[in-house]
Amino acid sequence: MTDLQIDTTSPSVARIYDYWLGGKDNFAVDRQAAEQLLKLVPDAVEMCRDNRAFLRRSVEHLAASGIRQFLDIGSGLPTQENVHEVAMRVAPDSRVVYVDNDPIVLVHGRALLATHENTTVIEGDLREPEAIVAAAGAHLDFEQPVAVLLLSIAHFVIDDEELARIMASLRAAVRPGGYIVMSHAFAGERTGDDTVEAVQEVYAKSAPGGLTPRTRAQISALFEGMELQEPHLVPVNAWRTDQRPDFSKPSTIGVVAKAV
1 MTDLQIDTTS
11 PSVARIYDYW
21 LGGKDNFAVD
31 RQAAEQLLKL
41 VPDAVEMCRD
51 NRAFLRRSVE
61 HLAASGIRQF
71 LDIGSGLPTQ
81 ENVHEVAMRV
91 APDSRVVYVD
101 NDPIVLVHGR
111 ALLATHENTT
121 VIEGDLREPE
131 AIVAAAGAHL
141 DFEQPVAVLL
151 LSIAHFVIDD
161 EELARIMASL
171 RAAVRPGGYI
181 VMSHAFAGER
191 TGDDTVEAVQ
201 EVYAKSAPGG
211 LTPRTRAQIS
221 ALFEGMELQE
231 PHLVPVNAWR
241 TDQRPDFSKP
251 STIGVVAKAV
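Each step along the sequence shown adds one to the number in my numbering, with nothing skipped, and position 27 is 27.
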C-alpha cells in the first residue's frame with residue numbers, strides 16, 4: 001500500500017490530464033510538460049476532452065444495455081462526468097470501482113467518494129491485472145457481467161508482449177456479457193516519426209518508459225475472441241457521433257468490446 005507521498009518534481013500523467021481539462025490539481029512541472037506536448041500535438045486538449053466525452057457515451061451505452069458493474073483502471077483525478085455519475089444517472093444501483101496508483105488520485109478520489117456506498121477507490125497498477133481483479137472482487141461480482149474501462153492508459157505499457165499479457169488476463173476475468181472499453185493513442189497514418197518520438201520523450205518524464213501509440217491492427221488484436229461493438233475502432237470523437245472518422249492525424253482510438 002502506498003504511503004501517499006506526492007512527488008512535485010516530476011510531471012504526472014494524471015495531473016497533465018487534469019490541467020488540460022481545466023482542473024486545479026496540478027503543479028508547475030505538470031503544466032510545463034502539458035504545454036510542451038501542446039506544441040507537438042496542438043489538438044491535445046481537444047483530444048483529451050473528446051476522450052472524456054467518449055467515456056460518457058460508452059458508459060451510458062453500457063448502463064442502458066444492462067451493465068451494473070464498472071471497473072475503471074487508471075481512473076485519473078476526479079472531474080466532471082465521472083463513471084459513477086454517468087452510470088448512476090442511467091442505473092442508480094450501479095457499482096463502480098476506481099483503480100489508480102497516483103497518490104493525488106487516491107487522496108482526492110477517496111475524499112470525493114466517501115459518502116458513495118456503491119463506489120470505491122483502490123490502489124492498483126495495470127501491470128498487475130490479477131491483483132486488481134482480486135482487490136476489486138471485494139466490491140464487484142465477477143461471476144456477473146462487468147465492464148472494465150481502460151481509458152488512455154494502455155498506451156503507457158510500452159512493451160507489446162506485456163500489454164498482450166495484461167489484456168489476456170482481463171479478458172479472462174470478464175464473463176460473457178461483460179465488456180472492455182479502451183481508448184488508446186494513435187499516431188495517425190500521416191504523422192512523421194519525429195513527432196511521435198518527441199511526444200514519447202516528454203511523456204517519458206511522467207510515466208515509466210513513456211507513451212507508445214499503436215496502429216488500429218495492433219489495438220484490434222488486443223480484443224481477440226471478443227465482439228467489437230459498432231462502429232468498431234474509430235477516433236473517440238467519432239464513436240457513435242455524427243463525426244466522420246479521420247485516421248490521417250494523431251488521435252485517440254476508442255473501442256468497446258463485448259465478451260461472448
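Hints in this document: simulated from the structure, not taken from any laboratory.
Where hints are given, some of them may not hold.
[What the hints assert, rightly or not] Pairs of lysine to any residue, SDA-like flavour, derived with a Cα cap of 25 Å: (1) Lys258 to Glu81; (2) Lys39 to Ala64; (3) Lys249 to Leu228; (4) Lys258 to Ala64; (5) Lys249 to Ala53.
Cross-check of the supplied hints:
no. : hint             : result
1   : Lys258 to Glu81  : holds (23 Å)
2   : Lys39 to Ala64   : violated (39 Å)
3   : Lys249 to Leu228 : holds (23 Å)
4   : Lys258 to Ala64  : holds (14 Å)
5   : Lys249 to Ala53  : holds (19 Å)
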